[in-house]
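**Student:** Sequence:
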Amino acid sequence: MFMEYKKIISERLSALTGLSNEAIEKLIEIPPKPEMGDFAFPCFQLARTLRKAPNLIAEELKNNIEKSGFERIETVGGYLNFFVDKANLAKSTLEKILTEKDTYGHTKIGAGKTVTIDFSSPNIAKPFHVGHLYSTAVGNALYRIFSSQGYKCVGINHLGDWGTQFGKLIEAYKRWVDEEALEKEPIKELLRIYVKFHEEAEKDPSLEDIARMHFKNLEDGKEEEVKLWQKIKDVSLMEFNKVYDMLKIKFDSYAGESFYNDKMDEVVKMLEEKGLLTESHGAQVVNLDEFNMPPCIIKKSDGATIYATRDLAAAIYRKRTYDFYKNIYVVGLEQTLHFKQVFTTLKLMGFDWADDCVHVGFGMVKFADKKLSTRKGDVIFLEDLLNEAIQRAKELIEEKNAALENKEEVAKIVGIGAVVFTYLKNNRERDIVFSWNDILNFDGETGPYVQYSYARGKSILRKAEGYGTNFDFQKLNSPEEVELIKLLASFNDVILSAIDKYEPSILTRYIIDVAKAFNKFYNMHPILSIEDEALKNARLALVEATTIVIKNGLALIGIDVVERM
RNA sequence: GCGCCUUUAGCUCAGUUGGAUAGAGCAACGGCCUUCUAAGCCGUGUGUCGGGAGUUCGAAUCUCUCAAGGCGCACCA
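In this text, residue positions in the first sequence follow our numbering: the first is 872, and each later residue adds one.
Think of the hints as simulated: they come from the structure by calculation, not from any bench. The C-beta atom is built at its ideal place from N, Cα and C for all residues, glycine as well. There may be inaccurate statements among the hints.
[To be verified] Straight-line distance between alpha carbons at most 20 Å, and here's what the computed SDA-like set of lysine to any residue pairs gives: (1) K972 - E1336; (2) K1329 - F1252; (3) K1346 - L1275; (4) K1134 - K997; (5) K1104 - I1120; (6) K997 - R1046; (7) K933 - Q916; (8) K1211 - L1159; (9) K1190 - A982; (10) K904 - K1387; (11) K1113 - F1130; (12) K1098 - G1031; (13) K1067 - S1077.
[What the hints assert, rightly or not] Quick list of simulated restraints, FRET-style, between CB atoms: (14) E1090 - A1426: 39 to 45 Å; (15) G1034 - G1203: 35 to 41 Å; (16) D1364 - R1333: 46 to 52 Å; (17) D1309 - E1137: 19 to 25 Å.
Full structure from sequences and hints, please.
**Tutor:** Quick look at the structure:
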């Protein structure tokens, strides 16, 4: 909404300069400091074509431009600075927010379009560790962000539920499983027997052959293997769901690797028919030399398919089933080349929609002090991290607000919010250096900070017990109020920018900015105690609008708010 | 060896797509609770924007080059 001013300015300037709307819109910028104006147009580029000094051009434009909707227009050096009419902005922004409430920021620009989002995708029988939260949090945020603009989203959990390791697990299960332990801590027990299998296989290599046989039987659909595989999958999912429930994440599809087992023959056939398959070192591959990429392997030399084949089958299946507008893969950056190969192969197969496939990559979760390895079982389970954060939140509640009613519930929301917030705060392509200290610090630019700002706002509204409708928006003219209103007005612009870049952190940063601006306002301007009724009402409206934007914003990145904390 | 990514304050990171004096948080120090929640606010200090060259009115941002670190380069996903 705030950016609509940009359009107005460019239209008016276009009429005066003869430059196109788009050219001008690209030049318009937001000055580094609010006292310099709300928008600025640099005249340096015009200086060349008009053969006139920039400051003279700015002066001339200032004298001739239509000024309605703006408080004033000034020139500084070669800049033409625009000051929007603040009373107008306050009125239109706050009225819009208070009318639309929960749907403020939402639009329908994506109506009729489907977006498939492949995210989280853990491996069955393996721990769901702190690294998995990156894909999970980013994917879930994208799901919510796209949905808010009217896109129909399909969340796909592409489970790692197929492969030779299941042969090993099946044999290990038959020999050593402790059913009771499996009931209690499925993943830990599965991990234990999996490790045990490798130890025993060292002494008795014949175990490997038995495992291979089990997997062959599984592929052939033999009853015993399928049953055990299903059981292992079920107990794993139960454990994963504990975490998904904590994070309040739901998927529309759990079609994982096994789902595409019978859909790959067709892909191979299509590749053959198009003459794309060539033999290389005994394997069937698609040559990608002309794209400066290594070949995409379709069939291994032993005739078995591989993950690229599976991803091709999955993409084709998704296009047929959902007719997606965008097909998003939230997968680690280390797989960049793999997805390039897959997308290029799809293009070679004649699928133009290959251009709609997007790999949304993210960095790694690393450890500063010690090097952790999954092999040694030296991992941090996500569930443990979340519980640790909840515990920390609980301690803080006891310390700061022991009289709080629903402590457990609040601690859960704040603790989990803090963790998710940390994962979504920075550019997703950055690595996260995992540190207990940082992630359990609830001060500064954190989830709890934003939630706290919301709770403070709500507290004021509770104490006000409603407010009148005679507003004096004119008086919301302090720098703190104006700054806050401008931010609130640009909510939708920020969402669109996050969509454009598939980047939730843009939104997270924005929410921090709103909370910061609110706290500043809160500290400097009394609300409940002032005499002027019309100003009081306007400020209360501003407080309510702020709580709405924080709540809606956090909802888009998968974080809840609390009314008190 | 080749390709991709990263390098901004002591630490963790922003930087509106080439614009005005490069900004936040953490950590440190100082101030603000008989008034709307101090998980807050205010103040203090720090920069060869990895090095060098180029492009132009103007570069943290674009190009080239060098350096350091990370990831990836065919039968794992």
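**Student:** Against this structure, judge whether each hint is valid.
**Tutor:** Here's how the hints hold up against the structure:
1. K972 - E1336: holds (18 Å)
2. K1329 - F1252: Not OK: K1329 and F1252 at ~35 Å, beyond 20 Å, violated.
3. K1346 - L1275: violated (36 Å)
4. K1134 - K997: Violated, because 25 Å separates the two Cα atoms, which is more than 20 Å.
5. K1104 - I1120: With a Cα-Cα distance of about 19 Å, the restraint between K1104 and I1120 holds, given a limit of 20 Å.
6. K997 - R1046: Answer holds: K997 to R1046 is near 19 Å, not above 20 Å.
7. K933 - Q916: With Cα atoms ~17 Å apart, K933 and Q916 stay inside 20 Å; holds.
8. K1211 - L1159: Measuring from Cα to Cα gives roughly 10 Å; hence the hint holds.
9. K1190 - A982: holds (18 Å)
10. K904 - K1387: Within the cut-off at roughly 16 Å; holds.
11. K1113 - F1130: Violated, at roughly 23 Å.
12. K1098 - G1031: holds (17 Å)
13. K1067 - S1077: Roughly 15 Å between the alpha carbons, so the hint for K1067 and S1077 holds.
14. E1090 - A1426: 39 to 45 Å: holds (43 Å)
15. G1034 - G1203: 35 to 41 Å: Since G1034 and G1203 have Cβ atoms about 18 Å apart, the given range 35 to 41 Å is violated.
16. D1364 - R1333: 46 to 52 Å: violated (31 Å)
17. D1309 - E1137: 19 to 25 Å: violated (48 Å)
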